[in-house]
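A.B. asks: Here is what each chain is made of, one letter per residue.
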Amino acid sequence: MRERSPQGAILGEAIRTLDSLNILHYHLVMGSLALTDTELDRTFGALADPTRRAILARLAKGDAGVLEVAKPFTMTQPAISKHLKVLESAGLISRRRDARQHLCRLEPERLKDISEWVGSYKHSLEASFERLDSYLDKLQRIGDT
Amino acid sequence: MPSDRFEFVTPPDEPIIAFRRFFQAPPSLIFQMFTHPEHVRQWWGPRMLELTTCEIDLRMGGRYTFVLRAPDGQEFAMNGIYQEITAPHRLASTFTLDVAPDNEIAESFTFEEVNGGTLLHGIDRHRSIASRNQQAENGMMEVGLSDQYLRLAELLQSLPAR
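Protein chains in written order, with our numbering: chain S, 1 to 145; chain P, 1 to 162.
Bear in mind the hints are in silico, worked out from the structure with no lab data behind them.
Hints may be right or wrong, so weigh each one.
[Said to hold, decoys possible] Derived DEER-like restraints, expressed as beta-carbon distance ranges:
| hint | chain 1 | residue 1 | chain 2 | residue 2 | range |
| --- | --- | --- | --- | --- | --- |
| 1 | P | Glu84 | S | Ala54 | 31 to 39 Å |
| 2 | S | Asp144 | P | Gln42 | 28 to 36 Å |
| 3 | S | Phe73 | P | Pro37 | 32 to 40 Å |
| 4 | P | Glu113 | S | Glu68 | 29 to 37 Å |
[What the hints assert, rightly or not] Over 10 Å on every C-beta distance to chain S, these chain P residues come out as not near it, computed from the model:
| hint | residue |
| --- | --- |
| 5 | Ile16 |
| 6 | Arg127 |
| 7 | Gly144 |
All figures in this text were calculated on a predicted structure; none of them were measured in a lab.
Using N, Cα and C, we set each Cβ at its ideal position, and we do this for glycine too.
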């Protein structure tokens, strides 16, 4: 293999520095885009209700008008509208008017946000599972002796 | 009432970023939030990153070391030396990222008492306009730093009533 020139080494070092700085900048910005406490409260609050989860499941199949969303439920349409408002203020759905009615749409971005939020605990979870594993190993060894 | 929005300016002819934000808490409390590791850990940096190391030797010439861990496990270390400590009104230090040791920043905070709260004035002085621009670009200020101080405001709000 050809020996790298000193210039090459300097350039390589400069690129590595630039890369790490860019990666750090990326994390500093992306890591800040995550949900605020208020958004987390609203989102998980909105999900903590079977009717609202059923509405989300319906909208996952496609946009729907309020009447159609209300159809499977025994509750009144104003009650359903209230649930839709909660989902909307949590950013889980959006509503827009077409000629005849309000159309509801699932906003997958917010679901992605909370999935990332849960995912951010993956490392600590894995670490604690590893600790549990090594503890169980130790127990096993004690049992074997 | 001053704005609790995060605002910043980048003058074209001086390598600084000047920013400010209002907090509903007196300077004495804000100063503690900036200087005690147990508080700093709760708000410093982006909310998805963990401040795994937070060592503060709060005296003139004393050093602080912070390590941020990203969700993918990568760690980024940074440190600085305290240059001015005037509780609860002023705090100045250097700030250096381990990944960019040549770009030392001189950072200063002034905690001004306004209407029982604190108007935070921050100045990051870079060695060059280019280095300053790098910090000011790509959402670092509008998203990154702005969110960090939103975290501080949220933390202050969650404290029991004083």
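A.B. asks: Could you run down the list of hints and mark each one as holding or not?
C.D. replies: Here is how each hint holds up against the structure:
no.	hint	in the structure
1	P:Glu84 with S:Ala54: 31 to 39 Å	violated (59 Å)
2	S:Asp144 with P:Gln42: 28 to 36 Å	violated (44 Å)
3	S:Phe73 with P:Pro37: 32 to 40 Å	violated (52 Å)
4	P:Glu113 with S:Glu68: 29 to 37 Å	violated (57 Å)
5	Ile16	holds (19 Å)
6	Arg127	holds (15 Å)
7	Gly144	violated (4 Å)
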